[in-house]
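Keeping their order, the protein sequence lines are chains A and B. Using my numbering, read the first sequence as starting at 767 and increasing by one per residue. Using my numbering, read the second sequence as starting at 517 and increasing by one per residue.
Certain hints may be false.
[As the list claims (entries may be wrong)] Below are the DSSO-like pairs computed for lysine-lysine, each with C-alpha atoms no more than 27 Å apart in a straight line:
| hint | chain 1 | residue 1 | chain 2 | residue 2 |
| --- | --- | --- | --- | --- |
| 1 | B | K613 | B | K518 |
| 2 | B | K561 | A | K780 |
| 3 | B | K561 | B | K518 |
| 4 | A | K786 | B | K613 |
| 5 | A | K830 | B | K518 |
| 6 | B | K518 | A | K832 |
| 7 | A | K832 | B | K558 |
| 8 | B | K558 | A | K786 |
| 9 | A | K830 | B | K613 |
| 10 | A | K830 | A | K780 |
| 11 | B | K561 | A | K807 |
| 12 | A | K832 | A | K807 |
| 13 | B | K558 | A | K807 |
| 14 | B | K561 | A | K786 |
| 15 | B | K518 | B | K558 |
| 16 | B | K595 | B | K561 |
| 17 | A | K832 | A | K821 |
| 18 | A | K786 | A | K807 |
| 19 | B | K613 | B | K558 |
| 20 | B | K595 | B | K558 |
| 21 | A | K832 | A | K780 |
| 22 | B | K518 | B | K595 |
| 23 | B | K613 | A | K832 |
| 24 | A | K807 | A | K830 |
| 25 | A | K786 | A | K830 |
| 26 | A | K780 | B | K558 |
| 27 | B | K613 | A | K821 |
| 28 | B | K613 | A | K807 |
| 29 | A | K786 | A | K832 |
| 30 | A | K807 | A | K780 |
| 31 | A | K821 | A | K786 |
| 32 | A | K780 | B | K613 |
It is worth saying that the hints were derived from the structure and are not from the lab.
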Amino acid sequence: GAVVSQHPSWVICKSGTSVKIECRSLDFQATTMFWYRQFPKQSLMLMATSNEGSKATYEQGVEKDKFLINHASLTLSTLTVTSAHPEDSSFYICSARDDEQYFGPGTRLTVT
Amino acid sequence: RKEVEQDPGPFNVPEGATVAFNCTYSNSASQSFFWYRQDCRKEPKLLMSVYSSGNEDGRFTAQLNRASQYISLLIRDSKLSDSATYLCVVNVRGAQKLVFGQGTRLTINP
Chain A
767 GAVVSQHPSW VICKSGTSVK IECRSLDFQA TTMFWYRQFP KQSLMLMATS
817 NEGSKATYEQ GVEKDKFLIN HASLTLSTLT VTSAHPEDSS FYICSARDDE
867 QYFGPGTRLT VT
Chain B
517 RKEVEQDPGP FNVPEGATVA FNCTYSNSAS QSFFWYRQDC RKEPKLLMSV
567 YSSGNEDGRF TAQLNRASQY ISLLIRDSKL SDSATYLCVV NVRGAQKLVF
617 GQGTRLTINP
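Okay, chain A solo, but in the shape it has when bound:
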């Protein structure tokens, strides 16, 4: 099946810094990718829909100036967590749709 990769798989950063997470569709093109966040023992919550060549669509309650999304090509979307705080520590997962929706392996972010 199709493969979606994420990089990095885990990252630890200091409070106030920014972190960029990459999501790539490896063997298919994706005009739309999705970014989810999952806190411990909770479900995946959609943060935003990333659209190639246009602005991302953010879910209610997600700050677009804090979570910057760039979808510059048909195989790459990036999520930048700006001015990270400890409460941003979470598991960030991207997905892209081919014949079905495929998920990346996730990025575990810890903000100290």
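Please arrange chain B on chain A, whose structure you already have, making use of the hints.
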């Protein structure tokens, strides 16, 4: 009210047992339904789609009741490798995004 609700469990059952999970959804415009499996610290993976007529894949049977907005998953002859969190997932008509339930945690004991 959550869009997709599941009993979070945990369910602890012996190997070989039959276990059933339930899920309800609130949006009547929901048109596609899935069960995903998520292992600890991993991404979710599609287990099976759910169709109105009910569908079976080996030891797994999924059912959908649109009138009651209710979805179920039955696992027969459970294996140790079935231990995971099972996520009920819904897609609303006209939208590409998936809405996830909280997940039901299952542990199969030897």
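TODO: List, from low to high, the hint numbers that the structure doesn't satisfy.
DONE: 2, 22, 32
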